[in-house]
Amino acid sequence: MADGTRGGRWTVGGGRSSGWRLFARTALARAYPRLIMNVREKWWMVFDILLPLVAVCAYVFVYRANNAPADLIGFVIIGGAMSAYWMNVLWAMGNQLFWEKETGNLALYIMAPGSMMAILLGMALGGMFTTTVRAASILAIGSLLFDVHFAVSSVPLLAAAFVLALVALYGMGMMFASMFLLLGREGWHLVNLAQEPVFLLSGTFFPIRSFNFWVAAGASIVPLTLALDAIRQLSFASGAASGFLDVRTEVAALAGLSVVFLVAARISLRQLERLAIAEGRLTESRA
Amino acid sequence: MRALAIETERLGRIYKPRRNDRHDAKPRVALSDVSLMVPRGELFGLLGPNGAGKTTLIKILTTLLAPSSGWAAVEGYDVHREPQFVRPCINMVSGGEASGYGLLTVRENLWMFSQFYGLSSAEANRRITELLAVVKMSDRVNTKSSQLSTGLRQKMNIARGFLTDPKVLFLDEPTLGLDVEASRDARQYIRRWVEEDSTRTVLLTTHYMVEADELCDRVAIINGGRVLACDTPSNLKRRLQREPIFHLDTSPLTAADVASIAALPGVRQATHHLAAAGSSVELILQEERVLGPVISQMESRGIALVNLSKREPTLEDVFFALVGRSMEEVEHG
Chain A
375 MADGTRGGRW TVGGGRSSGW RLFARTALAR AYPRLIMNVR EKWWMVFDIL LPLVAVCAYV
435 FVYRANNAPA DLIGFVIIGG AMSAYWMNVL WAMGNQLFWE KETGNLALYI MAPGSMMAIL
495 LGMALGGMFT TTVRAASILA IGSLLFDVHF AVSSVPLLAA AFVLALVALY GMGMMFASMF
555 LLLGREGWHL VNLAQEPVFL LSGTFFPIRS FNFWVAAGAS IVPLTLALDA IRQLSFASGA
615 ASGFLDVRTE VAALAGLSVV FLVAARISLR QLERLAIAEG RLTESRA
Chain B
90 MRALAIETER LGRIYKPRRN DRHDAKPRVA LSDVSLMVPR GELFGLLGPN GAGKTTLIKI
150 LTTLLAPSSG WAAVEGYDVH REPQFVRPCI NMVSGGEASG YGLLTVRENL WMFSQFYGLS
210 SAEANRRITE LLAVVKMSDR VNTKSSQLST GLRQKMNIAR GFLTDPKVLF LDEPTLGLDV
270 EASRDARQYI RRWVEEDSTR TVLLTTHYMV EADELCDRVA IINGGRVLAC DTPSNLKRRL
330 QREPIFHLDT SPLTAADVAS IAALPGVRQA THHLAAAGSS VELILQEERV LGPVISQMES
390 RGIALVNLSK REPTLEDVFF ALVGRSMEEV EHG
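Sequence lines, in order, name chains A and B.
The opening position of the first sequence corresponds to residue 375 in our numbering, with each subsequent residue numbered one higher.
The opening position of the second sequence corresponds to residue 90 in our numbering, with each subsequent residue numbered one higher.
Simulated from the structure, these hints should not be mistaken for laboratory data.
Only a predicted model underlies this, so the values are computations on that prediction, with no experimental measurement involved.
A few of these clues could be false.
From the derived model, a few chain B residues whose C-beta atoms are all more than 12 Å from chain A [unchecked claim]:
id, residue
1, Arg102
2, Ala345
3, Ser368
4, Glu371
5, Glu376
Partial list, computed: chain A residues near chain B (C-beta under 8 Å) [claimed, not checked]:
id, residue
6, Ser391
7, Pro407
8, Leu409
9, Ile484
10, Ala627
11, Ala629
12, Val633
Positions of the beta carbon are idealized from the N, C-alpha and C atoms, including for glycine.
Only chain A is shown next, with the shape it has when bound in the complex (with noise of 0.2 Å):
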């Protein structure tokens, strides 16, 4: 019966999605935490909005007594807005499967029928949601406290741009969620090493050009990196003079790295789920 029903009782499988709806089901139930996570804990506000801010704030006032151009202002604010994603992409993506494993939900996920990449991408989708909220946040009130004037010169390369860099960020996460299963604890300091050396790499507060070619070559291998000089070429008059590559030859770059890393994702969690459960690393106990 198609509701699952016979004569008052259950029927075992009945009812039941498969295919690409069960993958939807999963991605979409496995979202819903992150996206009720912004109506019931309001302490987001004051950790993911108000503390980036002061940490651009700091970077804004260093611009100013140097006489620094307006747009470097704006530079700043829309890397303090990025940065979310980088650290929502460490922390509730990297990391996330060894807390999964701790609370126990990790074998619940994989001995259920929905596949684990519709698990990855329901985080990586309430992660976006509500990263989002967030880096729109610092970017209205970082540019109404300090000013700052945009000059859009290309609304679809720059939705393009966003988009693909997303794809692409939270694709990396994916990745690493998966080969965060066999690191367990240590993936927590691969995590803390990731963060600061990327916000210095990726140039979050300041334009990448200031490397030199091959070293901001190098950085672009991280999602961000691309996404905020592209970002910043597109958005600012003074954009593309500072930009490291063409915006063009930029986006193209970020959906080439959106295929590799969710391609790398879907190829790394297969191996690696093998791997954990022939090691026994998918559940904490040994017993």
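Following the hints, put chain B in place on chain A, whose structure we already have.
Okay, now just chain B, sitting in the frame of chain A:
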């Protein structure tokens, strides 16, 4: 013969030392040569102390752990090679687990897990309402799970296990953390659930003898990763029925008193418990006439006998007879 829900053949699992383990750490055999056949419709129990290998066996059967040797199938599918076919058929509840998210309500947590099995939201919500009534949590449906006590959280986990109406349900110490009444209710529901449909199967691990005795159609006694015996609880106990068991209430006993009784010829086992006023001793004797020398020994040591009764063997006695120690003694090394 009924179709098999679970089958294992010479199943083994060895945990190798990890990189971070001590240098002298050795591989640990968690499971060795376990062969079981559980037909559909059976409530099958695994009884053994902590560390016996029960959870390792469940992890293998639920596709979370690869066996080191042997083979296992659930609903006819190889758990290691065909996990994608096994997973839609199963669910698991572990005692003391903290699954779900604290900021979600009980209903939201259960709904989320139902989605991973592809249930429609309407069907999931209908089942959630029914199951929360069963576990007497209807008034907590909108409570955040972070605000639940350990016992209520475990009730929510039990509801989660039944929510997807699995063909094979794995219950790993499911009543851990529940009070006496809730444990009894849970056991009754588990029994009823299996009996409602002959295709449903439960594999339950426990170290509570009463739980295994009361609930299970058959019980496998497991210790040190090996299955020592597998039969119905009544058949297992019948093995000991030739050996009479006596319960004695006495004046306070010293360790030397108990040792002197245990050393008498024909005394298979003497277990001492402190009672409110004095001591109590459980004796398993080779035959009833050994009781005479026991009472004589007590008299010679000045021990007053307050009460004496003969009792039926329990699964605890079966475990002792098989292992040579009580389950409590095994757990405490």
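Checklist entry - Which hints from the list above does the structure break, by number from lowest to highest? => result 1, 8, 10, 11, 12
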